[in-house]
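These protein sequence lines map, in sequence, to chains V and S. Following this note's numbering, the numbering of the first sequence begins with 1 at its first residue and continues without gaps. Following this note's numbering, the numbering of the second sequence begins with 1 at its first residue and continues without gaps.
Please keep in mind that the hints were generated in silico from the structure rather than gathered at the bench. Just to be clear, a hint being listed does not mean it is correct.
[Said to hold, decoys possible] These stretches of chain V come out as covered by chain S in the derived footprint (C-beta under 8 Å, 3 or more residues):
1. 59 to 72
2. 87 to 94
[Said to hold, decoys possible] Far from chain V, some chain S residues (derived; all Cβ distances over 12 Å):
3. A86
4. H379
5. D383
6. F398
7. A469
8. E472
9. R485
10. D530
11. M536
[To be verified] Facing chain S, from chain V, some residues (calculated, C-beta under 8 Å):
12. D10
13. H46
14. F49
15. S53
16. G56
17. T80
18. T83
19. L84
By construction, the Cβ of each residue, glycine as well, lies at the ideal position given by its N, Cα and C atoms.
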Amino acid sequence: MKISIQNIGDVSIVALNNDFYKTKLMNPSVLSVLQRSNKLVFDMSHVKFFDSSGCGILLSYLKTLTNSGGDLKLCRVRKTVLTLFELLRIHRIVEIFNTPEEAVRSFGD
Amino acid sequence: MSVAQDAGTNKLANILVVDDDLTMRFLLKRVLSNAGFNVFLAENGKVAIDEYLSDEIGVVLLDVQMPVMGGMECLRYICKHYPDLAPIMLTANEEVTNAVEAMRHGAFDYVIKPPEMKKLVALAQRAFQTYTQAKRLRKVEAELAGAREHEIFIASKIQRSLLLGRPPEDIEGLKISSLTIPSQKVDGDFIDFFKLNDHTVDVVVADVMGKGLLSAFFGAAMKSHFLRALHELTIDAVTCKMMNDQCVLNQDANGSFHLPQPQDIITRVQSRMIRNLEELESFVTLCYARFDMVEKTICFVDCGHVRTIHYKGESGDVELLQGINMPLGFPEKDPFIQYSASFQPGDLFFFYSDGLTENRNPDNEMYNEERLVDFIKQHGHLDPKKIIDSAYVEMIAFADSKTFDDDFTCVAIKIESEQGLAQLNTEAILEIKSDLKELVRVRIFIREFCESVPDSLLDPRRIDMLEIAVTEVATNIIRHAYSGRADEQIQIKAQMAEDKIILLFYDWGQGFDPQMVPPLKDISKMAIKDLPEGGMGCYIIAQSVDEVEYSSDKKGKNCACLKIILAPDIGD
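Extracted from the complex, chain V is given alone in its bound form (with noise of 0.2 Å):
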């Protein structure tokens, strides 16, 4: 699975695909990501669609991230996946932005 990860500054981009929510563990290249930085944004611009499976994995990051005093945020969400974020009300805890950019930019606030 090839995922790709972009630095600006301290906060971490990491492009998630499609095959993200058939995993059950956390993916070994974000996992190493979570090494070296504890701010994230998931770009979640080509996850065409995503199931409880996926939302448990992403709240596993959450939890991480925010233990070691980092946060996740999301951005580009497709409509269908917000659908299930909404059922959940996981947009009501995890930030969710249109761009990257208005991502990286809220960690600075």
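Following the hints, put chain S in place on chain V, whose structure we already have.
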């Protein structure tokens, strides 16, 4: 012409003499030949049957006592296979009781041996005449039956091709289904539909009194008069408008042109046909109704027809539409009165002929209007095609017969609750292996299945939710029911009923008890450290559909049933 000749064909009469006495046979041959008969001889009943009996034989002289096969047995055979042929029995004095018995079984007469030849010849001639008359009568009867059958054939052809109009399928919000089953006799029931514009359709259901060709032709003529009246009245209105002649006929306040009113159409048809109807001493009962989908009204003229049933979808009540007009063909001077009523989505109008209400059961009891009203109350919520099919089954069950004495005609017109909904009664099945890779197929299957539902009833957001729900159900089955084994079977059945989608997931693994899953708390109110990392599937399923139910049968087949009510604007 000899008396032993067929008057129709001038052929000599064939006579068969059956007697075991050789002398008697030859004696009879000589006498009968001289009298003009063509004589055949047989020595017993068996030889007579095997070698001589045919439709060409007009008279049989039959000895009672014979070896191999006697006269009585042979008589029974003849009466059964040649019903027009009545043998004359030849009998010895002591067998007279037998001969009398033979008469009871269909013999023409009996003669005591030795016969008095003159008397015998006269008897044979009479028997022959009786035979030819019986044969001719049978032929005429057959011809007559053939002619009648042909008339019915033509009449039912006229009815099918000329009298029964096809309901339009493209009036938005209206679904029409009709059925006519001609009776054995064929009478002049006719139905027709005139689509006047995108939202207006006229329906005429009529019954011409009388049966057979005449009423069938009459019905056809009548139908063309309706079309003509419609056409002429429309032209009148247009011409009026064009001439700007201060003509108010068929114009509203804005001066825009209106459709001719049902009562005007009926008046025109009556004036055109009254003379024919009087000449033929016939009359026509009918109901002419106009459905206006914009105004949501039915406007009708009833002329002595059975009362149309208006079923109201919302309350389940019915109302009977009745007018006060006499049937067409009555010397009526009063103008035709037109009524109107409004309708709502979910309503149904049931038009029919008296063939339904006057259908009789084996006890000669009529089905009657009351039973029909009850039937419509019970079935009015269904699709019109289903109502008509059920009505047909009901009529057969009542009459205990598949043929009816009268034509069976009915038209069911449904005002659809939501457009096109009733056409969505479909089912699809998908079978997958219990492998997470198969989830994509499940999602595609559901998306494709939902494609036929209009957006107004199932918006994209609800389809998204449904997609999530089915993924969760299938994932649960794979992970929990089958504990991750990838080669087990899962069957998914998607059904579209009138107002809902039902999805059934079958598996043969570990049963699932939703009670065992702890309820999910509101994530947004939890501390981050308490956030769940699983166990959200059941919550998602329950929130994504309108109903969910889990069950297992005795054979270990588990079923998860999801229901989605199709309704506009469900919102959050």
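(Q) Checking hints one by one. Is H46 (chain V) an interface residue toward chain S, by the C-beta closer than 8 Å rule? (A) violated (15 Å)
Q: Would you settle whether the hint for F49 (chain V) is holds or violated, based on the nearest Cβ-Cβ distance to chain S being less than 8 Å?
A: holds (7 Å)
Q) E472 (chain S): least C-beta distance to chain V exceeds 12 Å? A) Given a closest Cβ separation of 6 Å, the condition is violated.
Q.
Please check whether the segment 59 to 72 of chain V has three or more residues whose CB lies within less than 8 Å of a CB on chain S.
A. With 6 residues closer than 8 Å to chain S, the segment 59 to 72 of chain V meets the three-residue bar; holds.
Q: Tell me if T80 (chain V) is really an interface residue toward chain S, meaning its C-beta lies closer than 8 Å to one of theirs.
A: holds (4 Å)
Q.
Would the hint on L84 (chain V) be counted as holding, given a Cβ-Cβ threshold of 8 Å to chain S?
A. Cβ of L84 (chain V) sits 5 Å from chain S, so the hint holds.
(Q) Over 12 Å from every CB of chain V: does H379 (chain S) meet that, or does the non-interface label fail? (A) Holds: least Cβ distance 39 Å, greater than 12 Å.
Q) So is D383 (chain S) really clear of chain V, every C-beta pair being over 12 Å apart? A) holds (33 Å)
Q | Cut-off 8 Å, beta-carbon criterion: hint that G56 (chain V) touches chain S | A | holds (4 Å)
Q: Taking the shortest Cβ-to-Cβ distance between M536 (chain S) and chain V, state whether it exceeds 12 Å.
A: The claim is violated: M536 (chain S) sits with its nearest Cβ about 4 Å from chain V, within 12 Å.
Q. Closest CB-CB distance from A86 (chain S) to chain V, is it above 12 Å?
A. Non-interface label stands for A86 (chain S): nearest chain V Cβ at 92 Å, farther than 12 Å.
Q) Is the nearest Cβ of chain V still more than 12 Å from the Cβ of D530 (chain S)? A) violated (9 Å)
Checked against the numbered hints above, the structure breaks hints 7, 8, 10, 11, 12 and 13 and satisfies the rest.
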